Each structure stands twice: as C-alpha cells, then as structure tokens.
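Mind the numbering: the sequence shown is residues 1 to 216 in our numbering, read in order.
Treat the hints as calculated values from the structure; they're not laboratory data.
Bear in mind that the values here come from a model prediction, so they are computed numbers and not experimental data.
Be aware that a few hints might be false.
[Unchecked claim] So the derived label-pair ranges between C-beta atoms look like this:
# : residue 1 : residue 2 : range
1 : A169      : S4        : 37 to 43 Å
2 : P65       : R36       : 19 to 25 Å
3 : A27       : E119      : 20 to 26 Å
4 : A98       : L190      : 37 to 43 Å
[Unchecked claim] Here are the simulated EDC-like pairs of lysine to aspartate or glutamate, each with C-alpha atoms no more than 20 Å apart in a straight line:
# : residue 1 : residue 2
5 : K150      : D193
6 : K150      : D128
7 : K150      : E165
8 : K63       : D30
9 : K63       : D81
By construction, the Cβ of each residue, glycine as well, lies at the ideal position given by its N, Cα and C atoms.
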Amino acid sequence: MPYSLLIFDLDGTLADSFPWFRRHVNAVADRFAFRRIADEDLESLRHANSREILARLEVPTWKLPAIARHMRRLKGQHIQDIPLFPGADAMLRALSDAGYRLALVSSDSEANARRQLGELAALFSHFDCGASIFGKAAKFRRVLRRAGLKPEAVISIGDEVRDIEAARAAGISCGAVRWGFASGEALRALTPDLMFERMEDIARELGVSEPAKAQA
Numbered sequence: 001m002p003y004s005l006l007i008f009d010l011d012g013t014l015a016d017s018f019p020w021f022r023r024h025v026n027a028v029a030d031r032f033a034f035r036r037i038a039d040e041d042l043e044s045l046r047h048a049n050s051r052e053i054l055a056r057l058e059v060p061t062w063k064l065p066a067i068a069r070h071m072r073r074l075k076g077q078h079i080q081d082i083p084l085f086p087g088a089d090a091m092l093r094a095l096s097d098a099g100y101r102l103a104l105v106s107s108d109s110e111a112n113a114r115r116q117l118g119e120l121a122a123l124f125s126h127f128d129c130g131a132s133i134f135g136k137a138a139k140f141r142r143v144l145r146r147a148g149l150k151p152e153a154v155i156s157i158g159d160e161v162r163d164i165e166a167a168r169a170a171g172i173s174c175g176a177v178r179w180g181f182a183s184g185e186a187l188r189a190l191t192p193d194l195m196f197e198r199m200e201d202i203a204r205e206l207g208v209s210e211p212a213k214a215q216a
C-alpha cells in the first residue's frame, strides 16, 4: 500500500452537507452581519480559495471563531438531515478491511462527527476536530505525531482548496474529491496527488478492489 494512514475530511467529502448549509447560511449571515449568498454567487465561490471567499462575503477574520461555534451547534441540531454520500459506507469499510488506518480531521466537532458517522466511527483510529478555517495543517501534524508516522506515509482526502493547501503545509500527500464544494478546476489548479471523480474511485486508486463487497 502506498500509504499507511488516510485522513478524511467530513463535510463535502463523506457527508453531503451542502444542501443543509445552503438552507441555513443566509440566516447565519444575518446573525453575524456578513453578506448573504445568492444562488448566482455559488459558481464563482466554488472557484475561489478560502481567503477570497471571506473577502467576497465581507467576513472579518475576528468573527470566524464565533461563526464556527454557531455552525457546529446548529449542525448538531440537524445531523439527522445530513446524510453521508452514497457509497461512503462501503468505501470506508473496504479501506479498513484492507489494512488502512483511518483518521478524521474536520472543522466540525468530534461529537457531531461521531454522530454522523454512526457505527462507522469505530473504523477511525484518530479524530482531530474543531479545526479553524486555516488550522487544518496543525491538525494534520498532530495526527501524524499521535500515529507515529512520517509524512510520506499519510494522505489527506478532502473537497476544498484549503484541504490541499493544508496538506502541502504539513508535508503530506493530498487527494481531492470532485463531489464537494470546490470546483474541479480550482482543485486541479493546485495539482493534488490524486483526484477522485466518484466515491468508489477512492478505494480503487488506493489499490482496494470491489469496495461494494465491504457491506456484504
């Protein structure tokens, strides 16, 4: 196996949280006095990096911790409305059965992540949650220390530009999924080590065949 540890993002990678986010984000914008997101804004935001998004929405960085805490509490009230993407269950089980160690690094709380994953949470050796918008690199480094692994033995898998940037900063490989928030063009521009078009491609690219058998 090329890697020993796979670090997954949650929202947009394993969990289909964007429809929920879209329903609630403008109420959050009103509460914290940043610019609302119109439907016509979405495509351009998908091509932007995190700093560009904050600038376009007029979100000052000092508000980010309060916004993040509010979003975690709000999401915790609606976990039942946010499913995992189809195929995530089979993919995670297949990778675990093949001997890969799994970790989760997320901006969400660990409690929310465990509730969302359900029994799949038992497949994960490490959780490091509550990451700030620019804090994932530090979380990646901490997971590496806890796992006792060198950076070359680890790959992160996420759906945003900041996931790739954080992996590069931490010195680990990165994989990008096409079904999350960021556009494929924005992700490809940063030349991730792997690109995944479909959920089942994750296991296949990592040398694990027929992930659907993991549910049998």
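Hints breached by this structure: 1, 3, 4 and 9
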